[in-house]
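Trainee: Residue strings, one per chain:
Number of protein chains: 2
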Amino acid sequence: MDTASSLIQPLLDGRPRALARAITWMENGHPQARELMALAWPHLGRAMVVGLTGSPGAGKSTLTDQLARILRAEGKRVGILAVDPTSPFSGGAILGDRIRMGRIAADPGIFIRSMATRGALGGLARATQDAIDLLDAAGWDVVIVETVGVGQDEVDVVSCVQTCCVVMVPGMGDEIQAIKAGIMEVADIFVINKADRDGVEKVESEIEGMKSLSHAKDWDPPILRTVAGAGEGLPELLAKIREHGTWLRAHGGFQEKAHARARLRFGSLLAEEAARRARARAGAEMEEELVQAIAEKTLDPYAAVARMLD
Amino acid sequence: MDTASSLIQPLLDGRPRALARAITWMENGHPQARELMALAWPHLGRAMVVGLTGSPGAGKSTLTDQLARILRAEGKRVGILAVDPTSPFSGGAILGDRIRMGRIAADPGIFIRSMATRGALGGLARATQDAIDLLDAAGWDVVIVETVGVGQDEVDVVSCVQTCCVVMVPGMGDEIQAIKAGIMEVADIFVINKADRDGVEKVESEIEGMKSLSHAKDWDPPILRTVAGAGEGLPELLAKIREHGTWLRAHGGFQEKAHARARLRFGSLLAEEAARRARARAGAEMEEELVQAIAEKTLDPYAAVARMLD
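Chains as they are written, first to last, in the working numbering: chain A, 1 to 310; chain B, 1001 to 1310.
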């Protein structure tokens, strides 16, 4: 049986199996998870954390894989977290992972993991933050977080990465672009992928239009074109991500992001832990009775929760 | 100044302004929100609650509007909740609402509301559940909940409605269909909208394929075709929704759904309220110090939360 103190050293040594186990601990609320995070915490803060957000079909996986390839050629180790809110159920994502596994996971310098709530304790955002931190502590140079960018959990995640890239493609229809407007505020770089398709100028002018609607920022998010499948535009994208990192460092943006991230982490963990303690105090039987009373409409949910906490 | 006891009667009388205010109370954690829900609670359980879930561009709004039109012709009052996880930021959704407002909101028998976290207390799932309950208590016959169906919040919402319709369209690409596989488990009816387009058979066989992968259910989700813009297939869809309701009633599904919903509501409210109480006890200053300590890496998030709660 592993304990936090037996797992920390292989984790800090960058052993993939220790890392995988540690992430599972965080997802499942393992009794030693807290202790492990406390041991890992002092080692944080070296990884470059990049978010890639875009609709299904935008080509995020291919972009990620190509970025990973360039970074691997530089000798960097790359962690990839695919945040997949649909995985609690059966379905596509797991298959998608298997295909990828064959392609890049043979490389020991790449760690790939699909993040999903799976009905586990805590939310997707908290578990993903934990995974980012563990990869960072374990000495991985770059962490790429892929998200669909629609759920609030995901917006929470990408609002706290170092550099958030929003990926769009030409010809996906106005309504899809419209929903993308929602993550306007957190985009540091816009990527028009599959830029060899018709309609690039249209997407570009739409992005410009959305930018003009949002608050002016000191960092004006650039719009880059890529054809990920052919590797086009990838070195430029990586250069721009690094430029943004340098800019953040020079303008206090690192502390700002760290603070936003700390606030988010604190808030989600507080809710989780406060609820856990309340459950431990009241017992499962009481909770079951209260849920039953709500279902039978003899008690409203607010009153039931008050009864549990009082 | 309204109080719960002054708002409850106009709410139960079905006055739209009282309803709108009550929903805002729930979203914002108004001091009287709890009392209002307690007063409304005994009046619940009459509305037919339908979920419509699908990608942007699948035509959910048009489907909803057409269903609403048929129901209005029957003299039913219809509440529409558009769950929009992107609204916290600037963007498309608000514009979309304005267009719809002009089209159907002049009808006093239709109540339309866009649900979004807006950084408010509690999650989107909880606020949407509250809104469903208030519409129900206020005597609205049908509540239609539209979601994009990607975020966990939304999956939580649609897993608890009476009848969940998953909307797909031909020709949106395999990757989009793949992510849709995730809500397979909660679908009661599949709708292929824009069924006058090429590729209907392909989508249909994909859905059949996904169905065969999931657990066998007593209710075998049918696949219907609609062309919402032309009103085609809408009466059939409504008939199928009602058939599913009848089926649920005959097979104990109503109690099962009520129990699942009660569990979900209890869980999210417990986390919210337990955190609120912890904050009230510890004070904002302590929280700020702890967040700062996390950001500066002198304290890990788990330890910070433990300090707040101890």
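If you're looking for bench data, these hints aren't it; they were derived computationally from the structure.
Note that CB positions come from ideal geometry on N, CA and C, so glycine has one too.
Errors might be hidden in some of the hints.
[What the hints assert, rightly or not] Which chain A residues face chain B? A few, computed with CB under 8 Å, are given here:
id, residue
1, Gly231
2, Leu234
3, Ala271
4, Glu272
Trainee: Looking back at the numbered hints, which does the structure fail to meet, lowest number first?
Mentor: Numbers 1, 2 - these are the hints that the structure violates, sorted from lowest upward.
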